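According to my numbering, the sequence shown is numbered sequentially starting from 154.
If you are wondering where the hints come from, they were derived from the structure by calculation, not from laboratory data.
Note that the structure is a prediction, hence the values are computed from the model and not measured.
Please note that the accuracy of each hint is not assured.
[Said to hold, decoys possible] For each label pair, taking beta carbons as the anchor points, the in silico distance ranges come out as:
#1 Gln-210 to Arg-286: 12 to 22 Å
#2 Thr-260 to Gln-230: 15 to 25 Å
#3 Ser-270 to Thr-197: 17 to 27 Å
#4 Pro-274 to Asn-184: 36 to 46 Å
#5 Asn-186 to Asn-247: 29 to 39 Å
#6 Gly-209 to Thr-279: 29 to 39 Å
#7 Gly-209 to Thr-260: 11 to 21 Å
A virtual CB, placed ideally from N, CA and C, is assigned to each residue, including glycine.
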Amino acid sequence: MIRSKLTQVLMVTAFSMPAVSLIAVQPASANGNNYGAIAYSSATGSHGYSLDYSTGQAAKNAALRYCENYSGTGDCQSLVVFKNGCGALAQTPNNSAGSGWGGNRSTAESFALQSCSQFGPNCKITRWVCTSR
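Full structure from sequences and hints, please.
Structure follows, in structure tokens:
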């Protein structure tokens, strides 16, 4: 009886909790500006990103933490911080990378591909993210 009650309580708790996102998101900022960032590990090709932070530094820190959670190498670097727009990451097959930002996804991706092409051929967009503003 006790075990079945505990199971019911755990089931209700699990289904009533909000879903956990794999990206770092903050509530919209009071100043009307939302920042995002993308961080990258050249050792592993891992990346982290964040969006809708109230400051650029907070967005950068969150993206770096997210990147390090996946790479575990300590080499993650912030490649782009953007405000009220979009950021993109492009990678070469040998883990070189470029980034870009703009007012929309296509602009950010275009700049990321241009940036990446300076480091090697066959660049591909591997991540894009846009703030809610």
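Quiz item: Which hint numbers does the structure go against, in order from smallest to largest?
Solution: 6
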